[in-house]
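Enquirer: Starting from the given sequences, assemble the full structure and let the hints guide the process.
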Amino acid sequence: MCETKNNMNLTKTVVLKLKETDDSIQETMERYTEGMNFASKVVYENGEPLSANRLQKLTYKHLRENLGLPSQMSCNVARQVS
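Numbering that gives the first Met the number 0 applies: residue 0 is where the sequence shown begins, and numbers increase by one.
A couple of the hints might just be wrong.
Listed next, the in silico BS3-like pairs over lysine-lysine satisfying Cα-Cα at most 30 Å (straight line) [to be verified]:
#1 K40 - K56
#2 K18 - K60
#3 K60 - K40
Here are the simulated distance ranges between beta carbons [unchecked claim]:
#4 D22 - A51: 26 to 32 Å
#5 A51 - M28: 20 to 26 Å
#6 T27 - N6: 38 to 44 Å
#7 M7 - T32: 40 to 46 Å
#8 T10 - S81: 32 to 38 Å
#9 V14 - R63: 19 to 25 Å
#10 N65 - V13: 30 to 36 Å
#11 I24 - Q79: 27 to 33 Å
#12 T32 - T12: 16 to 22 Å
#13 V14 - Q71: 20 to 26 Å
Please keep in mind that the hints were generated in silico from the structure rather than gathered at the bench. Fair warning: this is a prediction, and the values are worked out from it, not measured in the lab. Heads up, the beta-carbon is just placed ideally off N, CA and C, and yes, glycines get one too.
Expert: Quick look at the structure:
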């Protein structure tokens, strides 16, 4: 994060420790990829581009319930695919 204050740049560095294992990160990445493939299929079957909001409305429930993606990731899928 970088802020400007009185024409001086201040930089803050935050160190975070992840408690996730490599396997759980890999699993999340695979589910996210599945979600993107699902959303891409929805767009393709629609026959024309969809807005991110429309795509989210069409895919959100499936991504959450069937793939178990967290809420924010489910929203990100639509924005990345649209």
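Enquirer: None of the hints should be skipped; say for each whether it holds.
Expert: Hints and how they fare:
no. : hint                  : result
1   : K40 - K56             : holds, 15 Å
2   : K18 - K60             : holds, 27 Å
3   : K60 - K40             : holds, 15 Å
4   : D22 - A51: 26 to 32 Å : holds, 31 Å
5   : A51 - M28: 20 to 26 Å : holds, 21 Å
6   : T27 - N6: 38 to 44 Å  : holds, 42 Å
7   : M7 - T32: 40 to 46 Å  : holds, 43 Å
8   : T10 - S81: 32 to 38 Å : holds, 34 Å
9   : V14 - R63: 19 to 25 Å : violated, 31 Å
10  : N65 - V13: 30 to 36 Å : holds, 35 Å
11  : I24 - Q79: 27 to 33 Å : violated, 18 Å
12  : T32 - T12: 16 to 22 Å : violated, 31 Å
13  : V14 - Q71: 20 to 26 Å : holds, 22 Å
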